[in-house]
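A.B. asks: Could you put together the complete structure from these sequences and hints?
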Amino acid sequence: MTVNIWTAADVARKVIDNKELFILDVRNADAFADWKIEGHKFNYLNIPYFELLDGVEEILPQIPTDIEILVVCAKEGSSIMVAELLAEAGLEVAYLEGGMKSWSMYIEPVKVGELSGGGELYQFVRLGKGCLSYMAVNEGEAAIIDAVRFTDVFIKFAEEKGVQIKHVFDTHLHADHISGGRHIASQTGAAYYLPSKDAEEVVFDFTPLTDDLTVKLGNSEIEVGALYSPGHTIGSTSFVIDKKYLLTGDILFIDSIGRPDLAGLADDWVRDLRQTLYSRYRSLAEDLIVLPAHFMIIEELNEDGTVGKRLGDLFVENHGLNVEDEEVFRSMVTDNLPPQPNSYEEIRHVNMGKVTPSNEEQTEMEIGPNRCAVR
Amino acid sequence: MVKSDVQLDAKGLACPMPIVKTKKAMNEVAEGQVLEIQATDKGSVADLAAWSKTVGHQYIGSHEENGVFYHYIRKCNPEVNEAVEKTFEHTISNEEALNGKGLILDVREAAEYTFGHIPGAKSIPMGELAERLTELNKDETIYVICRTGTRSDLAAKQLAEEGFNNIYNVLPGMTGYEGELQKEVE
Numbered sequence: 001m002t003v004n005i006w007t008a009a010d011v012a013r014k015v016i017d018n019k020e021l022f023i024l025d026v027r028n029a030d031a032f033a034d035w036k037i038e039g040h041k042f043n044y045l046n047i048p049y050f051e052l053l054d055g056v057e058e059i060l061p062q063i064p065t066d067i068e069i070l071v072v073c074a075k076e077g078s079s080i081m082v083a084e085l086l087a088e089a090g091l092e093v094a095y096l097e098g099g100m101k102s103w104s105m106y107i108e109p110v111k112v113g114e115l116s117g118g119g120e121l122y123q124f125v126r127l128g129k130g131c132l133s134y135m136a137v138n139e140g141e142a143a144i145i146d147a148v149r150f151t152d153v154f155i156k157f158a159e160e161k162g163v164q165i166k167h168v169f170d171t172h173l174h175a176d177h178i179s180g181g182r183h184i185a186s187q188t189g190a191a192y193y194l195p196s197k198d199a200e201e202v203v204f205d206f207t208p209l210t211d212d213l214t215v216k217l218g219n220s221e222i223e224v225g226a227l228y229s230p231g232h233t234i235g236s237t238s239f240v241i242d243k244k245y246l247l248t249g250d251i252l253f254i255d256s257i258g259r260p261d262l263a264g265l266a267d268d269w270v271r272d273l274r275q276t277l278y279s280r281y282r283s284l285a286e287d288l289i290v291l292p293a294h295f296m297i298i299e300e301l302n303e304d305g306t307v308g309k310r311l312g313d314l315f316v317e318n319h320g321l322n323v324e325d326e327e328v329f330r331s332m333v334t335d336n337l338p339p340q341p342n343s344y345e346e347i348r349h350v351n352m353g354k355v356t357p358s359n360e361e362q363t364e365m366e367i368g369p370n371r372c373a374v375r
Numbered sequence: 001m002v003k004s005d006v007q008l009d010a011k012g013l014a015c016p017m018p019i020v021k022t023k024k025a026m027n028e029v030a031e032g033q034v035l036e037i038q039a040t041d042k043g044s045v046a047d048l049a050a051w052s053k054t055v056g057h058q059y060i061g062s063h064e065e066n067g068v069f070y071h072y073i074r075k076c077n078p079e080v081n082e083a084v085e086k087t088f089e090h091t092i093s094n095e096e097a098l099n100g101k102g103l104i105l106d107v108r109e110a111a112e113y114t115f116g117h118i119p120g121a122k123s124i125p126m127g128e129l130a131e132r133l134t135e136l137n138k139d140e141t142i143y144v145i146c147r148t149g150t151r152s153d154l155a156a157k158q159l160a161e162e163g164f165n166n167i168y169n170v171l172p173g174m175t176g177y178e179g180e181l182q183k184e185v186e
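Respectively, the protein sequence lines represent chains A and B. Once you know that position 18 of the first sequence is 18 in the UniProt record's numbering, the rest is easy, because the numbers rise by one and skip nothing. Once you know that position 129 of the second sequence is 129 in the UniProt record's numbering, the rest is easy, because the numbers rise by one and skip nothing.
The reader is advised that the hints may include incorrect statements.
To be verified - Calculated pairs, DSS-like style, for lysine-lysine (alpha carbon to alpha carbon, straight line, at most 30 Å):
(1) K157/B with K36/A
(2) K36/A with K14/A
(3) K138/B with K75/A
(4) K75/A with K11/B
(5) K75/A with K24/B
(6) K101/B with K36/A
(7) K23/B with K36/A
(8) K101/A with K138/B
(9) K21/B with K36/A
(10) K21/B with K101/A
(11) K138/B with K36/A
(12) K21/B with K75/A
(13) K23/B with K75/A
(14) K42/B with K354/A
(15) K101/A with K183/B
(16) K3/B with K101/A
(17) K101/A with K86/B
(18) K75/A with K42/B
No wet-lab data here; the hints were simulated from the structure.
C.D. replies: What follows is the structure in C-alpha cells.
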C-alpha cells in the first residue's frame, strides 16, 4: 500500500465536515495528553514512535480497517516512519505533513455572516490552537480583530476580497499566542489599536483603544464600536459590529469564561471580570451573536465550523454566567485554574515588542493548547 | 564535561533518527556504562527520557550547550531484578547517614553524580574504587551510597575486604533521597 500525505488543511476539512478519522498519534504520552488534534468524530491511539522501532505488528489489532487512518507526530519524521511500516503491513494510511507544528499554525477562514449593506464578517479559525481572529469587510475596507501572527494569511485574504485593511485591533495584550496585529498594520499602513491599560510596557507606537471608540467601514457606515470590558486583563475591550455581533476577546467564550490571572493580578481583576460578565454584558441586546477570541473544546464549534452563539443563550447555558454568589465566583476564577499556557510570560513580552524571537522560536512558544478559560 | 563511556553524535538529525541511532548504539554499550548522545533536535529531550523508561535504561539527565543537547543514559538490563539481594551486613538508612558524622561516598557513575548528588558527598565510581583507595581513610566512618543500594553493597564489601573498619551501605540510596541535590551542570 502507498502512504498518503495530508496537509493541515485536509485535516481541518475532516473536523469541519464532521468526518470520522482514526488518529495514530506517535508522540510521547505527555505531549499527547497535553494537546492533540480534536475532532467531533475522531478516535485516537497514542503509541510513541520509539515503541514501534521493531515494527508495528503488535498494534495492528488496535487499528481499524473501516475508517481512514492518519499518523501524526510532532514534526512529521516519525509519522512517516510509522506510516511506512503500516503500509508495508498492508494498511492504507496517511501522515500529517509538518506534524503538529503545521497543525498549530493552520488557519481556516469561515464566513460568519452578512453585514448590512453588503458587508461580510469572517472568522479565522486556528483549529490547532483554538485561536479565533476576525475580519469585517465592507465597500473596499477591512477591519481586523485579534489577528494571530501569520500576517500573510490576513493580507492575502484582504487582497482576494479586494479590500484595504484600515483598522487593526487587539482586544487585549495576549498571553497565549503572538499577535500579528502591529505587523499587519505596519505592512498595510493601517492603524493599530491596543487598550492603553494593557500597553504600559509596550515599546512600539499604537493608537489607544478607548471605550466607545467607533470606526466606520465604507460609505454605508458599518460600525465597529469598542466597549471597555475588563477582567481577563485590565484593558480588555469588546467590539460590537454592525449592532449584530459581539466580539468578546478573552472575556467570554461559548462554554467558559476568561481567566484573570495571566498577568499575575487575579485577585485584583476578579471584580472587573464579574462586573463585565454580570452587568456590562447584561445591559446589551440578547440577540447579539457572541464571537470569542478562542475556543477550548471541539464541541464549541457550530455545524458550519464557526464558533459563535447568541448572547441570550449564553446567559442561560454558560456556567460561568450563572454563578450567583460572588465568593463562589471569586474562588472559581482564582483557585481552581487550569495550568497556564505554554510560555505565557515570554509571549506577553513578545506582544509588548520587548523581544523579537525567530520564527522557529515563536512556533516553539505557541506549541500546545491555549488554556485561557475557566470552565 | 560530563564523563561517559560511549559517545554518539546525532547532531543535525531529525526525529526519529536520534532514537533509532541511540537504540543501535546501546547494543555496543556494556551494562552499567553510560552513553552520551549529542542531539540538536529539541524533541529529543522528552523522547529520549520516555524511551529510556520504556526499555528500562536509566535516563540520567541532559544539558544544553550552544544549541546541542547532551543526554546521558546508563544501560540497565531490564531482565535483571533491581532488588538483588544485598549481603553486606552493616546498613544504615538515608536519614541516619545524612545526620551522621561520616563521609558519604557516592559510587554511582560520574555522570549520575554530575546530574545530582548529596551536597558534600565524594564521588568514586564503583569501577574506579580499587585504584583510588588511597583517597580514603581506613578509620573514617564511610557511608557508601548508590542509586538503589546494589552497587554500594558491592563497594562496601570491597572496602571491608581491603581493611576499612567503619563501612555502612546506605539504604534505600539515592532513589529515596528527597533532599537538596547539588549539580555540576546547569
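A.B. asks: Could you run down the list of hints and mark each one as holding or not?
C.D. replies: Results of checking the hints against the structure:
1. K157/B with K36/A: 52 Å, violated
2. K36/A with K14/A: With a Cα-Cα distance of about 15 Å, the restraint between K36/A and K14/A holds, given a limit of 30 Å.
3. K138/B with K75/A: 57 Å, violated
4. K75/A with K11/B: 17 Å, holds
5. K75/A with K24/B: Holds, because 23 Å separates the two Cα atoms, which is no more than 30 Å.
6. K101/B with K36/A: The given pair, whose Cα atoms are some 53 Å apart, is violated under the 30 Å limit.
7. K23/B with K36/A: Status holds; Cα separation ~27 Å.
8. K101/A with K138/B: Violated: K101/A and K138/B sit about 59 Å apart, past 30 Å.
9. K21/B with K36/A: 27 Å, holds
10. K21/B with K101/A: 24 Å, holds
11. K138/B with K36/A: This hinted pair is violated, its Cα atoms lying about 59 Å apart.
12. K21/B with K75/A: Status holds; Cα separation ~18 Å.
13. K23/B with K75/A: Holds: K23/B and K75/A sit about 21 Å apart, inside 30 Å.
14. K42/B with K354/A: 25 Å, holds
15. K101/A with K183/B: Not satisfied, since the Cα-Cα distance of roughly 34 Å exceeds 30 Å.
16. K3/B with K101/A: 35 Å, violated
17. K101/A with K86/B: 49 Å, violated
18. K75/A with K42/B: The hint holds at about 11 Å.
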